[in-house]
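Colleague: Listed below are the residues making up each chain.
There are 2 protein chains.
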Amino acid sequence: MQGLMQDWPLLVHKILDHAAIQHGGREVVSRSVEGPIHRTDYSELRHRSLRVAQALDRFGIVGGDRVATLAWNTWRHLEIWYGINGVGAIYHTINPRLFPEQIAYIVNHAADRILFTDLTFLPLVEALAGHLKTLELVVVMTDAEHMPDSKLANAVSYEEWIAGCDGNFVWKDVDENAASGMCYTSGTTGNPKGVVYSHRSNILHAMMAAATDMMGLSFNDTVLPVVPMFHANCWSLAFAAPMNGARLVMPGAKMDGASIWELLDSEKVTLSAAVPTVWMMLLQHMEETGKKLPHLTRVVIGGAACPRVIIDKFENDYDVQVIHAWGMTELSPLGTVCTIKPEYGGLRGEALLDIKETQGHPPFGVEIKITNDAGKSLPWDGKTFGRLKVRGPAIARAYYRDDSDILDDEGYMDTGDVATIDQNGYMRITDRSKDVIKSGGEWISSIDLENIAVGHPHVAEAAVIGIAHPKWDERPLLIVVPKKGETPEAESILAHLEGKVAKWWMPDAVVFVEEIPHTATGKIQKMALREKFSDYVLPTADQD
Amino acid sequence: MQGLMQDWPLLVHKILDHAAIQHGGREVVSRSVEGPIHRTDYSELRHRSLRVAQALDRFGIVGGDRVATLAWNTWRHLEIWYGINGVGAIYHTINPRLFPEQIAYIVNHAADRILFTDLTFLPLVEALAGHLKTLELVVVMTDAEHMPDSKLANAVSYEEWIAGCDGNFVWKDVDENAASGMCYTSGTTGNPKGVVYSHRSNILHAMMAAATDMMGLSFNDTVLPVVPMFHANCWSLAFAAPMNGARLVMPGAKMDGASIWELLDSEKVTLSAAVPTVWMMLLQHMEETGKKLPHLTRVVIGGAACPRVIIDKFENDYDVQVIHAWGMTELSPLGTVCTIKPEYGGLRGEALLDIKETQGHPPFGVEIKITNDAGKSLPWDGKTFGRLKVRGPAIARAYYRDDSDILDDEGYMDTGDVATIDQNGYMRITDRSKDVIKSGGEWISSIDLENIAVGHPHVAEAAVIGIAHPKWDERPLLIVVPKKGETPEAESILAHLEGKVAKWWMPDAVVFVEEIPHTATGKIQKMALREKFSDYVLPTADQD
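So the protein lines, in turn, are chains A and B. For the record, in the first sequence the residue sitting at position 175 is 182 according to my numbering, with numbers rising by one throughout. For the record, in the second sequence the residue sitting at position 171 is 178 according to my numbering, with numbers rising by one throughout.
Think of the hints as simulated: they come from the structure by calculation, not from any bench. Quantities reported herein were computed from a predicted structural model and do not represent experimental measurements. Wrong hints could be hidden among the right ones.
Pairs involving identical chains hold if they fit within one copy or between any two copies, as the list cannot separate such chains.
Cross-link-like lysine to aspartate or glutamate pairs, in silico, EDC-like; alpha carbons within 20 Å at most [claimed, not checked]:
1) Lys21 / Glu417
2) Lys261 / Asp272
3) Lys445 / Glu481
4) Lys299 / Glu51
5) Lys179 / Glu417
6) Lys390 / Asp410
7) Lys179 / Glu374
8) Lys530 / Asp156
9) Lys390 / Asp429
10) Lys376 / Asp415
11) Lys179 / Asp416
12) Lys275 / Glu322
13) Lys510 / Asp324
14) Lys491 / Asp429
15) Lys21 / Asp549
Whole structure, please, built from the sequences with the hints as guidance.
Modeller: Quick look at the structure:
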């Protein structure tokens with residue numbers, strides 16, 4: 008027996024309809040790529056999105072077509088996303104920080120028909136043009152006045168392109184399970200892989216992310232997403248903010264401490280979201296200048312584990328609540344959020360920071376578990392490491408044009424992370440599963456060792472990898488880049504670790520290098536390190 | 008092109024799984040029907056729900072079967088709902104305030120196979136037993152000790168019935184569009200009509216209702232739903248509270264001012280929800296005793312328009328935020344909620360109360376419009392009345408075993424209410440569409456006139472109906488029940504109205520009666536009044 012409820016599919020364009028009808032006058036403020044601050048509102052933004060949809064429709068874009076964007080966070084990028092979805096097509100965000108050959112790969116792999124690009128990236132597009140086989144049009148996100156001479160034969164300025172469209176257009180409805188967006192994961196090995204969001208997953212995820220104990224989004228908030236729209240679906244803020252009528256402030260191309268502070272202050276931002284390095288720059292700027300942020304109430308921090316010092320400074324020096332979060336492109340991206348349940352409501356000081364350093368707990372709609380290599384669930388005791396696996400309506404079941412089966416027997420996706428979960432459901436990432444060191448059947452967290460090692464006054468950067476060992480399978484090797492002008496001794500670094508980790512976690516050796524290789528997005532390339540040290544023999548290999 | 012997200016249907020049992028896993032120790036406190044306060048938590052509640060599902064399964068209940076409940080808000084009622092849904096069956100809540108013949112009608116119409124009843128209602132069930140053709144079993148929600156001798160051949164105590172079930176049971180998955188619950192509307196005419204919720208609508212609605220600017224439900228909340236589970240799907244609190252890990256306090260059978268105050272106080276309740284009459288009783292109790300409620304932060308008020316005095320007292324005397332809401336059984340039930348958007352953020356005093364008296368604005372997932380009789384949309388100016396129509400994923404498209412088409416060309420359901428909507432999306436109910444008085448092509452609100460008339464010191468109750476008029480189609484007749492011992496004059500009452508309404512709204516006559524007829528749930532039976540006054544001739548009929 009079926010329910011007798013209305014057939015109202017979960018479609019992305021309904022978010023913008025709701026924002027325009029219920030919160031039409033709410034501002035969307037942007038630092039434009041051209042320079043000046045630009046102001047619009049949800050009502051006007053919807054009208055311009057309809058013009059974009061109309062222009063795409065006239066061009067011949069149809070349901071299921073991929074349309075790429077290579078752009079900063081601005082009102083134009085926002086109206087382009089909704090315009091693309093509103094004609095039934097799929098927005099494909101490209102991370103400009105990828106290597107050029109990776110960008111060419113994903114444009115060709117997705118078979119993008121149109122590319123919207125900011126002025127910033129036009130030279131990159133021009134350089135790659137010959138390799139982008141499926142592109143029929145490049146729309147440069149500016150007006151005629153700012154449109155440069157381009158080498159491209161098929162380039163047009165955005166404002167001119169939509170000038171002929173009056174917005175008299177009706178959104179095209181699609182099935183709610185139809186694709187809405189694509190985002191390729193950068194990964195550390197192999198080609199990028201395409202995650203494909205559906206309209207349904209984008210809507211459900213926005214509702215989950217906005218919940219009171221997640222981001223707690225309100226129409227009384229002014230939200231500044233420093234996290235780019237090209238990074239992991241913009242942490243849902245391009246959907247969750249208008250869905251809840253929050254005022255939006257878009258930072259454009261400038262993400263240094265001074266520029267972000269200026270927008271946070273002048274626009275009275277209440278909630279912002281970014282990776283730890285952005286917050287580091289902001290805190291440094293505020294400490295140097297003595298500036299404050301009286302309107303800011305909370306910051307969402309994700310993309311990498313948040314150093315304790317950032318949490319401490321925001322909460323204790325600036326009275327800003329830190330919402331430490333964990334997610335992945337494959338999760339739309341929100342997995343867990345660290346807000347304080349009543350079980351930890353009484354904690355203060357260092358004990359509270361211990362909890363805030365975890366990545367928190369999932370909303371309704373994200374199920375998590377940790378398992379051993381054989382797939383057996385492990386206890387939630389806050390100590391046992393396991394492979395972190397996730398299940399939910401906004402989590403990938405497969406990659407685009409890729410036959411790999413990425414779900415286990417119960418339908419969970421392996422995140423590739425290793426984590427602990429405590430008795431109250433708080434998850435802490437301890438490592439990537441390919442980087443964890445397997446010693447005598449137990450797991451050692453390379454990340455924990457690295458984090459402690461960089462606390463040594465003469466260490467600039469550290470990486471820990473597993474080296475084959477005849478008795479223990481693997482033992483940790485600590486690879487260190489000394490600070491400029493310093494020549495620390497191995498003994499001094501090991502002494503710094505002692506007492507901070509279990510004895511059997513202590514690295515078997517320390518080696519010094521001039522630099523550690525990184526991916527385009529700044530992650531340590533442990534694969535390259537493992538190759539480099541593939542012949543390395545631990546001094547303990549013939550002992551024990 | 009489809010999205011590549013996991014297939015994770017929106018099923019009600021997942022709410023309880025999430026609550027038990029992420030908020031397992033959070034309490035569910037109940038005033039038991041037997042008397043004492045009872046304490047459990049989401050972890051235990053889930054286990055007992057599994058036992059209920061197992062018992063239903065053993066009995067032979069299968070997907071799509073209807074199982075009725077006639078019960079107060081307690082932990083048992085909650086675990087029964089989840090147990091019923093967990094075996095794929097449909098919970099059917101019966102409002103004990105219906106006339107006995109209506110109860111018999113809906114049990115037979117739904118073809119309920121099992122009825123769970125509280126001790127309170129056992130005599131009612133015994134009296135009706137011969138008329139309940141489809142019932143195979145009556146489960147009395149108590150233990151062996153409290154089980155009375157029953158005339159029923161097929162009655163068993165709840166605790167004995169589930170005693171043999173260990174809870175080793177796996178929820179039965181169904182399609183997310185499968186029916187989850189049924190609730191019959193009482194209506195003022197004809198037989199009750201069955202609204203059928205789906206698993207999907209219950210989940211989406213709970214997410215909508217819990218949003219920050221709606222009820223703003225948090226795991227830091229302790230929620231007391233005075234609104235019964237048999238009233239309009241419990242305003243979603245049986246789903247939205249566990250979904251968000253909120254602590255629950257269930258009031259059982261006692262809903263007088265003193266009993267509710269006692270629970271609000273002793274359990275440190277932060278959010279409660281009820282109809283205006285309950286709050287009237289509570290405020291009266293607090294005024295008489297001088298008691299306070301320091302933990303209570305907000306009250307949701309719905310089911311009927313909330314008198315201004317209640318809003319004023321809660322907000323200004325007790326520092327409790329009033330969340331005035333409007334809904335209907337057909338809407339799962341939430342339609343609009345009156346929280347304050349930035350546009351009204353600067354209002355204070357009477358101007359703020361003016362806004363708080365409206366029923367507020369809809370969440371994402373409820374679309375509203377007002378139209379004239381021809382279906383044409385009317386302006387949102389806060390003045391123009393129109394038929395209120397609604398669209399969304401948790402709104403009825405039809406009634407159970409009823410062929411009537413209740414949607415318009417655009418898929419909106421006519422609510423039967425007449426309302427205004429202002430430029431910021433705030434909706435105010437002005438009348439029922441069958442009660443509105445149509446005078447010279449314009450509409451007059453019977454409710455507005457009644458509300459002002461009862462402000463006269465000698466008026467106990469008032470009703471306004473339209474009487475046929477040769478020139479104006481209809482003109483208002485004001486029907487008044489004087490206060491005991493008072494004999495007000497018509498002139499005095501009309502003088503009281505003057506200046507408070509437009510001149511052309513003034514009733515053409517006032518008549519005095521000893522009583523006004525009501526439905527089982529306390530609504531004025533205007534249909535009966537119209538019949539009674541069908542031959543009434545207005546003194547103005549041959550003038551003008």
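Colleague: Against each hint, give a clear statement of whether it holds in the structure.
Modeller: Do the hints match the structure? See the list:
| no. | hint | result |
| --- | --- | --- |
| 1 | Lys21 / Glu417 | between (33 Å within a copy, 15 Å between copies) |
| 2 | Lys261 / Asp272 | within (15 Å within a copy, 52 Å between copies) |
| 3 | Lys445 / Glu481 | within (6 Å within a copy, 86 Å between copies) |
| 4 | Lys299 / Glu51 | neither (33 Å within a copy, 47 Å between copies) |
| 5 | Lys179 / Glu417 | between (35 Å within a copy, 15 Å between copies) |
| 6 | Lys390 / Asp410 | neither (35 Å within a copy, 59 Å between copies) |
| 7 | Lys179 / Glu374 | between (33 Å within a copy, 18 Å between copies) |
| 8 | Lys530 / Asp156 | neither (36 Å within a copy, 73 Å between copies) |
| 9 | Lys390 / Asp429 | within (7 Å within a copy, 56 Å between copies) |
| 10 | Lys376 / Asp415 | within (12 Å within a copy, 46 Å between copies) |
| 11 | Lys179 / Asp416 | between (37 Å within a copy, 18 Å between copies) |
| 12 | Lys275 / Glu322 | within (18 Å within a copy, 28 Å between copies) |
| 13 | Lys510 / Asp324 | neither (35 Å within a copy, 62 Å between copies) |
| 14 | Lys491 / Asp429 | neither (40 Å within a copy, 65 Å between copies) |
| 15 | Lys21 / Asp549 | neither (66 Å within a copy, 53 Å between copies) |
Of the numbered hints given earlier, the model fails hints 4, 6, 8, 13, 14 and 15; all others are met.
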